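Protein chains: 2
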Amino acid sequence: MTYQAINLQNKLSLFNNHWSPKNIAAMNDYLFKVVKVKGDFVWHDHPDTDEVFLVLEGSLRIDFRDGAVTLNEGEMFVVPKGVEHKPYAQDEVKMLLIEPKGTANTGSAGGERTAPEDDWV
Amino acid sequence: MTYQAINLQNKLSLFNNHWSPKNIAAMNDYLFKVVKVKGDFVWHDHPDTDEVFLVLEGSLRIDFRDGAVTLNEGEMFVVPKGVEHKPYAQDEVKMLLIEPKGTANTGSAGGERTAPEDDWV
Numbered sequence: 000m001t002y003q004a005i006n007l008q009n010k011l012s013l014f015n016n017h018w019s020p021k022n023i024a025a026m027n028d029y030l031f032k033v034v035k036v037k038g039d040f041v042w043h044d045h046p047d048t049d050e051v052f053l054v055l056e057g058s059l060r061i062d063f064r065d066g067a068v069t070l071n072e073g074e075m076f077v078v079p080k081g082v083e084h085k086p087y088a089q090d091e092v093k094m095l096l097i098e099p100k101g102t103a104n105t106g107s108a109g110g111e112r113t114a115p116e117d118d119w120v
Numbered sequence: 000m001t002y003q004a005i006n007l008q009n010k011l012s013l014f015n016n017h018w019s020p021k022n023i024a025a026m027n028d029y030l031f032k033v034v035k036v037k038g039d040f041v042w043h044d045h046p047d048t049d050e051v052f053l054v055l056e057g058s059l060r061i062d063f064r065d066g067a068v069t070l071n072e073g074e075m076f077v078v079p080k081g082v083e084h085k086p087y088a089q090d091e092v093k094m095l096l097i098e099p100k101g102t103a104n105t106g107s108a109g110g111e112r113t114a115p116e117d118d119w120v
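Chains as they are written, first to last, in numbering that gives the first Met the number 0: chain A, 0 to 120; chain F, 0 to 120.
Be aware that one or more of the hints could be misleading.
[Unchecked claim] Label-pair restraints from in silico Cβ distances:
hint	chain 1	residue 1	chain 2	residue 2	range
1	F	N6	A	E83	32 to 38 Å
2	F	Q8	A	D118	28 to 34 Å
3	F	G81	A	Q89	22 to 28 Å
4	A	S107	F	D39	44 to 50 Å
5	F	K37	A	G110	44 to 50 Å
6	A	A114	F	D28	32 to 38 Å
7	F	W119	A	E116	42 to 48 Å
8	F	D90	A	P115	26 to 32 Å
9	F	N9	A	Q89	22 to 28 Å
10	A	G81	F	N9	41 to 47 Å
[As the list claims (entries may be wrong)] Straight-line Cα separation of at most 30 Å, DSS-like style, residue types lysine-lysine; simulated pairs:
hint	chain 1	residue 1	chain 2	residue 2
11	F	K80	A	K80
12	F	K93	F	K80
13	F	K85	F	K37
14	F	K80	F	K100
15	F	K37	F	K100
16	A	K37	A	K100
17	A	K80	A	K37
18	A	K80	A	K93
19	A	K93	F	K100
20	F	K37	F	K93
21	A	K100	A	K80
22	F	K80	F	K37
23	A	K85	A	K37
24	F	K37	A	K85
25	F	K85	F	K100
26	A	K100	F	K37
27	A	K100	A	K85
28	F	K85	A	K100
29	F	K100	A	K100
30	F	K37	A	K80
31	A	K37	A	K93
32	F	K93	A	K100
33	F	K100	A	K85
[Unchecked claim] What the simulated footprint calls covered on chain F by chain A, stretch by stretch (three residues with Cβ under 8 Å from a Cβ of chain A suffice, anywhere in the stretch; the number is not a length):
hint	stretch
34	47–53
35	68–74
Please keep in mind that the hints were generated in silico from the structure rather than gathered at the bench. This one's a predicted model, so the numbers in the text were calculated from it and none came from an experiment. A virtual CB, placed ideally from N, CA and C, is assigned to each residue, including glycine.
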């Protein structure tokens, strides 16, 4: 049987829109998503789950109500459940997100920037 | 408050032994582990969970009973639960593993190559 690796850069090359995560793999009840982001996102939290950010290219700042963290290429961060955060990228950032199925990118904030949930590349 | 990114290469620089995954982060009930591997591992499966491999450096082959997949830098693969597999690295490979807490590196095979579970760097 032929098995196929998932190449993160190949997957990222298949789309250009920002702030719209694309599913690339499932592990149990979790999804792996690649996303390109630039500029400011909305403040939100995920009341029921932690969320992992892993930066593949660029420099991402995640603002919290009481501080911030900057992730460069090859760096990850776990945003704890229930903690309000706002990602910000001065220049385009490519990254991997890992979170349970059913987790919306805007969390409990909702609104017009909520991305479709079942968007695979 | 000061938040700190987790730098994967920094974490990998803190140890040199092979086939002994080190925890670097927790997300809900899952652990993120970095590991260096070289040579052959043992055939095993994880009867209760999928397992994610993400190669950071080098080239890893995962053998299955009916085939194989090769992962190069920036490539990932989800080994489905219950599927027997044997990782192999001709030269040293650095990678990230993601799996539920309580998942042994040797799965249901056990044996002398079973790594300690609560090993953080």
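Evaluate the given range 32 to 38 Å for the C-beta pair formed by A114/A and D28/F. 25 Å, violated
Verdict for D90/F, P115/A (Cβ pair) under range 26 to 32 Å: 41 Å, violated
Could you say whether the range 22 to 28 Å given as a hint is met by the Cβ separation of N9/F and Q89/A? Roughly 23 Å apart at Cβ, these two residues keep to the hinted range, so it holds.
Taken at face value, is the distance from the CA of K100/A to the CA of K100/F at most 30 Å? Cα-Cα ~19 Å, so holds.
Is the distance from the Cβ of G81/A to the Cβ of N9/F consistent with 41 to 47 Å? Given range 41 to 47 Å: violated, Cβ gap about 28 Å.
With a cut-off of 30 Å on the C-alpha distance, tell me whether K37/F and K100/F pass. 24 Å, holds
Take a quick look at whether K37/F and K85/A sit within 30 Å of each other, Cα to Cα. 40 Å, violated
Is the Cα-Cα distance between K80/A and K93/A 30 Å or less? Distance ~23 Å between K80/A and K93/A Cα, so the pair holds.
Per the hint of 42 to 48 Å, is the separation of the Cβ atoms of W119/F and E116/A within bounds? 33 Å, violated
Quick one, are K100/A and K37/F close enough, alpha carbons at most 30 Å? Not OK: K100/A and K37/F at ~34 Å, beyond 30 Å, violated.
Need the status of pair K93/A, K100/F: alpha-carbon distance at most 30 Å? Holds: K93/A and K100/F sit about 28 Å apart, inside 30 Å.
Hinted pair K85/A and K37/A, Cα distance within 30 Å: 12 Å, holds
Of the numbered hints given earlier, the model fails hints 1, 3, 6, 7, 8, 10, 24, 26, 30; all others are met.
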